[in-house]
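2 protein chains.
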Amino acid sequence: MESIIISNDNTIIKLYRRLASSKKERYALNKYVLEGARLIDDAIKEGANLSHLLVTEFAVDKNKDVLSQVDLKKVRLIIISNELGIKISATEKTQGIFAICDMPSKLLLAETLNKGGKYVILHKLQDPGNVGMIIRSADAIGIDGVILSESCDLFSPKVIRSTMGSVFRMPIWWDMDIDKVLSAMNEQEIETLAAVVDGDAYSIKDYKFNENCAVLIGNEGNGLDLDIIQKCDKSITIKMNGNINSLNAAMAAGIIMWELMN
Amino acid sequence: MESIIISNDNTIIKLYRRLASSKKERYALNKYVLEGARLIDDAIKEGANLSHLLVTEFAVDKNKDVLSQVDLKKVRLIIISNELGIKISATEKTQGIFAICDMPSKLLLAETLNKGGKYVILHKLQDPGNVGMIIRSADAIGIDGVILSESCDLFSPKVIRSTMGSVFRMPIWWDMDIDKVLSAMNEQEIETLAAVVDGDAYSIKDYKFNENCAVLIGNEGNGLDLDIIQKCDKSITIKMNGNINSLNAAMAAGIIMWELMN
Chain S
45 MESIIISNDN
55 TIIKLYRRLA
65 SSKKERYALN
75 KYVLEGARLI
85 DDAIKEGANL
95 SHLLVTEFAV
105 DKNKDVLSQV
115 DLKKVRLIII
125 SNELGIKISA
135 TEKTQGIFAI
145 CDMPSKLLLA
155 ETLNKGGKYV
165 ILHKLQDPGN
175 VGMIIRSADA
185 IGIDGVILSE
195 SCDLFSPKVI
205 RSTMGSVFRM
215 PIWWDMDIDK
225 VLSAMNEQEI
235 ETLAAVVDGD
245 AYSIKDYKFN
255 ENCAVLIGNE
265 GNGLDLDIIQ
275 KCDKSITIKM
285 NGNINSLNAA
295 MAAGIIMWEL
305 MN
Chain C
45 MESIIISNDN
55 TIIKLYRRLA
65 SSKKERYALN
75 KYVLEGARLI
85 DDAIKEGANL
95 SHLLVTEFAV
105 DKNKDVLSQV
115 DLKKVRLIII
125 SNELGIKISA
135 TEKTQGIFAI
145 CDMPSKLLLA
155 ETLNKGGKYV
165 ILHKLQDPGN
175 VGMIIRSADA
185 IGIDGVILSE
195 SCDLFSPKVI
205 RSTMGSVFRM
215 PIWWDMDIDK
225 VLSAMNEQEI
235 ETLAAVVDGD
245 AYSIKDYKFN
255 ENCAVLIGNE
265 GNGLDLDIIQ
275 KCDKSITIKM
285 NGNINSLNAA
295 MAAGIIMWEL
305 MN
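Those protein sequence lines, which keep their order, are chains S and C.
Letter by letter, the first sequence follows residues 45 to 306 in the working numbering.
Letter by letter, the second sequence follows residues 45 to 306 in the working numbering.
Any given hint might turn out to be false.
As the list makes no split between identical chains, a pair holds if one copy fits it or if it spans any two.
[As the list claims (entries may be wrong)] 35 Å max Cα-Cα, derived DSBU-like pairs, lysine-lysine: (1) K283 <-> K89; (2) K283 <-> K108; (3) K106 <-> K168; (4) K106 <-> K118; (5) K89 <-> K249; (6) K159 <-> K202; (7) K168 <-> K108; (8) K131 <-> K150; (9) K283 <-> K106; (10) K224 <-> K68; (11) K283 <-> K58.
Since the hints were derived computationally from the structure, they do not count as laboratory data.
Turn these sequences into a full structure, and let the hints steer you where they fit.
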């Protein structure tokens, strides 16, 4: 093992910081970062490819269980000072354990869609917490996959963190072109359903969902674009109480996924 | 109208900041703060008692519609400098409109519960975003009221903001003692249901909810305390996919409320 790294100028520390802050860097290097014992433990258990594990002096003892699962022939272990851990952390109270991880290979949508599957398509969702929460909920509820199109980056630290490990378990297609997604659904005869706030759309309470279908969820403020709604097979809605403004996008997605599966 | 306030040391500015940051101050003065045009517009429309309205020079023109609804005999209008607006704002890009608002009178639970109603009780919820999102969703879904017990403060700026105005529309009982809440439910013959992660509890998918019932949602990390679960009439659960760790507390609450009403 190398000596303890204390410098901000260390190559690996600089790499970690660039990957944490820049989508461009992530896609240039096909790498992203993880922080926290539980998330890194999930990553290891689910077979994600870690290239570097950064642990503060304080955290070495506390994370023996995580560290004992790591194959040091494949993963480079780096001990950093506690001060440096605080500096690179995105949380208020860091656990002092970080990793750099290889992005998985991107799945080809048409080849990997399950004909009898149920999918959620996120179009122009901008809030990382919402995207993460939808992925986590999709995993819990048993959805077959999540597709991201023009939404915030799957590999941003905030999205990764808020998936609570579901990012390692769920089939996810990221950075997809919406027209290609709709064509692939069409080819596989998967019904596409636009989630809208519109009294004339089918109420999810009464609608009989097909065995295979994909629900589109739109932007937090503006919903789905009209041309996207028109390209979908049908529109569905959550009938709401009184004259209030719709549910939060993640909550709406969660309730629709629940109805889809139950 | 007074001259433009530019000083951090102004009495009203100091009051605003104390109310924004301290629960103790809020309850000592029975006041809380609001920020943003939409939220303040909702507050006015729903009849909340504003005592002060603080608007930056920039924001006066933009918020003519909001300002035109204000009775200046009752509300003190204060114009502040744009710089001061940025300083007191809790958001990254402030709209420059703020208010100080009187807390509503606290409702007596036993006297105000609707015998045929459906309620959500939040016990030891610590995340303001979760509490706000549950209140917003309860409003959208048509729940009769939300009760807070040992949870984060309803009148904290983060909770208020994430309710998206539902705080002015929903019956909410805050800062309640859990034993008194359970007794009141009992007296009114409202069935109490503990939401748990437990395969032996009733699945919400199959459970036939009473016309009148109250669901208890527990802490984000630890769920409900065992003694609270035992004091409830029944336990209910969301059956989940595989060996993953439950849904986010707000999402779980949303799905349960949806099942409760549908």
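Hint-by-hint comparison with the structure:
1. K283 <-> K89: between (41 Å within a copy, 23 Å between copies)
2. K283 <-> K108: between (50 Å within a copy, 33 Å between copies)
3. K106 <-> K168: The answer is between: 27 Å across copies meets 35 Å, while 40 Å in one copy does not.
4. K106 <-> K118: Answer is within: at 22 Å inside a copy they meet the 35 Å cutoff, but 58 Å across does not.
5. K89 <-> K249: Between copies, since 31 Å is at most 35 Å while 38 Å is not.
6. K159 <-> K202: For K159 and K202, the Cα distance is within 35 Å only inside one copy (32 Å; across copies 43 Å).
7. K168 <-> K108: The answer is between: 31 Å across copies meets 35 Å, while 41 Å in one copy does not.
8. K131 <-> K150: within (32 Å within a copy, 44 Å between copies)
9. K283 <-> K106: between (49 Å within a copy, 33 Å between copies)
10. K224 <-> K68: Only inside one copy: K224 and K68 sit 23 Å apart there, 55 Å across copies, limit 35 Å.
11. K283 <-> K58: Answer is neither: 49 Å inside a copy and 44 Å across each miss the 35 Å cutoff.
In this structure, only the earlier hint numbered 11 is contradicted, and the remaining ones agree with it.
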